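Peer 1: Please model the entire structure based on the sequences and the hints provided.
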Amino acid sequence: MSSDYDYSDEDADYYDDEDEDMMSTEEDGKHAPPPPGSAPSDDEMDMDDFRVPQRAVRKAYEVEHEPLPQSAVEKLMSADVEHISGIFGVEASTAALLLRNMNWNKERLIEKYMDNASGVSVAAGISIPSRKSLSPSLAGPERSQSASSSARSGGLRRPIRQTPVPTPKPEPFVCPICYDDSQTAFSALACDHKFCAGCWNAYATSKIREEGEHAIRCMAEGCALITPDSFVRTTLAEDTATWERFNELLVRHFVASNPSLKYCPYPSCTFTVMCSAAASRSSLTTIVPTVSCGASVNPPHTFCFGCPIEVDHRPVICGVAKMWLRKCRDDSETANWIKSNTKECAKCQSTIEKNGGCNHMTCKKCKHEFCWVCMGPWSEHGTAWYSCNRYDEKAGIDARDAQSKSRASLERYLHYYNRWANHEQSAKLSVELYTKTEKKMEEMQITSDLTWIEVQFMKKAVDEVEKCRMTLKWTYAMAYYLEKGNQKELFEDNQRDLERAVEDLSELLESSIDTEAISTLRQKVTDKTVYVSKRNEIMLDDTAKGFQEGRWTWNVSVEGFD
Amino acid sequence: MDARLRRVNKEISDCKGDKSSSIRIDLIDNSPFHLKGSFPGPKDTPYEGGTFEVDIVIPESYPFQPVKMKFITKVYHPNVSSASGAICLDILKDAWSPVLTLKSTLLSLQSLLCSPEPNDPQDAEVAKHYTTSKRSFDETARYWTQVYAGGAGSRTKLDVKEPLKDEVAIAGLEKAHVDQFEGLGFERSKVIDVLRRLNYRGANVAKISEDRVVEELLK
Chain A
1 MSSDYDYSDE
11 DADYYDDEDE
21 DMMSTEEDGK
31 HAPPPPGSAP
41 SDDEMDMDDF
51 RVPQRAVRKA
61 YEVEHEPLPQ
71 SAVEKLMSAD
81 VEHISGIFGV
91 EASTAALLLR
101 NMNWNKERLI
111 EKYMDNASGV
121 SVAAGISIPS
131 RKSLSPSLAG
141 PERSQSASSS
151 ARSGGLRRPI
161 RQTPVPTPKP
171 EPFVCPICYD
181 DSQTAFSALA
191 CDHKFCAGCW
201 NAYATSKIRE
211 EGEHAIRCMA
221 EGCALITPDS
231 FVRTTLAEDT
241 ATWERFNELL
251 VRHFVASNPS
261 LKYCPYPSCT
271 FTVMCSAAAS
281 RSSLTTIVPT
291 VSCGASVNPP
301 HTFCFGCPIE
311 VDHRPVICGV
321 AKMWLRKCRD
331 DSETANWIKS
341 NTKECAKCQS
351 TIEKNGGCNH
361 MTCKKCKHEF
371 CWVCMGPWSE
381 HGTAWYSCNR
391 YDEKAGIDAR
401 DAQSKSRASL
411 ERYLHYYNRW
421 ANHEQSAKLS
431 VELYTKTEKK
441 MEEMQITSDL
451 TWIEVQFMKK
461 AVDEVEKCRM
471 TLKWTYAMAY
481 YLEKGNQKEL
491 FEDNQRDLER
501 AVEDLSELLE
511 SSIDTEAIST
521 LRQKVTDKTV
531 YVSKRNEIML
541 DDTAKGFQEG
551 RWTWNVSVEG
561 FD
Chain B
1 MDARLRRVNK
11 EISDCKGDKS
21 SSIRIDLIDN
31 SPFHLKGSFP
41 GPKDTPYEGG
51 TFEVDIVIPE
61 SYPFQPVKMK
71 FITKVYHPNV
81 SSASGAICLD
91 ILKDAWSPVL
101 TLKSTLLSLQ
111 SLLCSPEPND
121 PQDAEVAKHY
131 TTSKRSFDET
141 ARYWTQVYAG
151 GAGSRTKLDV
161 KEPLKDEVAI
171 AGLEKAHVDQ
181 FEGLGFERSK
191 VIDVLRRLNY
201 RGANVAKISE
211 DRVVEELLK
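First to last, the protein sequences are chains A and B.
Going by full-length UniProt numbering, 304 is the number at position 304 of the first sequence; the sequence numbering is gapless.
Going by full-length UniProt numbering, 186 is the number at position 186 of the second sequence; the sequence numbering is gapless.
Some hints here could point you the wrong way.
As the list claims (entries may be wrong) - Below, a sample of chain A positions facing chain B; criterion: calculated Cβ distance under 8 Å:
#	residue
1	ASP180
2	SER182
3	GLY198
4	CYS199
5	ALA220
6	GLU221
7	TRP372
8	ILE446
9	PHE547
Unchecked claim - No farther apart than 20 Å at their CA atoms in a straight line, the calculated lysine to aspartate or glutamate pairs in the EDC-like style are these:
#	chain 1	residue 1	chain 2	residue 2
10	B	LYS103	B	GLU53
11	B	LYS74	B	GLU60
12	A	LYS467	A	GLU62
13	B	LYS93	A	GLU221
14	B	LYS68	A	ASP181
15	B	LYS93	A	GLU213
16	B	LYS128	B	GLU167
17	A	LYS439	A	GLU507
18	B	LYS219	B	ASP193
19	B	LYS103	A	GLU507
20	B	LYS36	B	GLU60
21	B	LYS93	A	GLU211
22	B	LYS219	B	GLU187
23	B	LYS68	A	GLU210
24	A	LYS484	A	GLU549
25	B	LYS10	A	ASP181
26	B	LYS103	A	ASP180
27	B	LYS10	A	ASP180
28	B	LYS68	A	GLU62
29	B	LYS93	B	GLU117
30	B	LYS93	A	GLU62
31	A	LYS460	A	ASP527
32	A	LYS436	A	GLU507
Hint data in this document are derived by calculation from the structure and do not stem from the laboratory.
In this text the structure is predicted, and so the values were computed from the model without any measurement.
Glycine is no exception: its CB is placed at the ideal position from the N, C-alpha and C atoms.
Peer 2: See below:
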């Protein structure tokens, strides 16, 4: 098996080293001496780089994780297999079967194996159960004909045969599956149920291809033996595509069994992410494990390690994000929600659909300028006090006086939901904004003496706005569940600052270009982009630190906090 | 020659050659991959005396994937759908092994008729009937065997029975119960339908109030 992997020297050192650490507890985990010929200091440095990428620059809202291509996961698997095979003194394929049966739980395997080696081997499909427990009903009609030969193979604790055993001299034997008497190559596992090579091949292919099964049982009825990898390899012969699929299935099983690993959820991506920090459920109350899988694609495959939401839901933790999404799914199919896609102009009552990212609206009909979020006149916003991101508690009290309590809570929900949906909508419209911006960038290159590289600031700004809108979106989910108090006020202050900065920048991007003022515009946009990115960082950083310090309190019970 | 074709041909000819066995496999059309199997109902069961026909489709990857089998003959059995004939049996799914043959699978079906598994049902209504009142279930199963599987002497017995009784007996219900609710002015077919759905049989009759039945009937 090991011959199929092409280790680079450096990586092999790393895993060897890890092995040493695990095995040599008496030696105080001393590192193995570096291989001759390489300078020790270099080696040490390389290893550190590999283990903790960017340790110094990691931010509070980032989580340490390591993208692993399939080959790296295979190396992790073979390290485990070698470890077990060393301890038990069994062959690698046997160790692999034992580990797979125990879902790669090494400790449990070692414990159980020491306790009852033959029982574990039988359960893992490595050896046949002892004669007395082999009930006659298990043996099908086909089994009886090979009963005498299985008696010959005898030895119960004997490790299974590692290679298919082609019968040396073609004896008069007809494969009980295809009934083809011209076949000469037969093979069997330790149970000695012999079948021809063609049938084994078709069977393994059908199991791997059609059923996606990595544990391929012996073809005999009721026989629980499982084909080791070497047997599968030989059986599949030239069919490398199926062999690769088989290895992918093994990797998937390994990844699924290991809580600190997760398969990239993007279609047909074969990368895995290792994130030990988010391996336990309780850790998800303090961190938001947003990870990227390392596949070289643009945009990168970003997903949450802790939950099935396939987007970056920072700064909100998984439990709250999940609750919010469920609430939106359940409660938002209302007329209120449908209404929230369009709004009426506060002055002339004509229905308006927002078709761009900025919240500064101008009614086409009556030229009334207003804020899309609060519907108030824009003159009250602008550079002055921007208080649009807060649910007005006083208004809430009034509403309760006037209407029923449920009505108020619905309004409270809709307040947050509308702002959430707004940012989502704006982010969706960013594609349009992109094309618009591209046009503007071309325009700029023609009308001014700016080069292509010099107009990239526009694109950068659009990217930043989109990123921040994602953060803002999730902050509303968080604010909805935050308990009233100073902490929430601080949170909403940060939220307001970010939102104002984003809206400013967004408006700047939407404005028409004045040829004269391009250099000023460029300066302004660049400045604002930096500022927005700074505010976003503060928002994410402070929220993440809040989780770590346990600063946030919720107005509902959140999964993991009780 | 195609391995699948060779294997199926051998299986069919083996089965034809075996005079001692009661299992038959016949072609439905010209294709050897669409067959009809049949076997007699096992002794000392409500299925005794009937002949049960099974539709067999050999999939592309046979024998490495299981054959597709379903009853052509209507069977009253917890693990067989009373409507479609679909069969719930492990060897037709994940417990399939390539060494199993059409004949051995049909034998397994035959033994499934002997030992129903009401805890893993294909037809929930029939399974409910089986668990609540085994005797009434047996009667219905026997009746279905006579009507659909050509059980011994069924034809002559049938002739003397009034035709309306059939529906009631097929559903495994008591004629008195059906008459009772029909007397309230509901359509007979609807009464049978509702009573069957409510499992108005055996010990269950005491548990289900008449009001409940009427409520269902009014829906």
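Peer 1: Determine which of the earlier numbered hints do not hold for this structure and return their numbers in increasing order.
Peer 2: Hints 2, 7, 8, 9, 11, 14, 19, 28, 30 not satisfied by this model.
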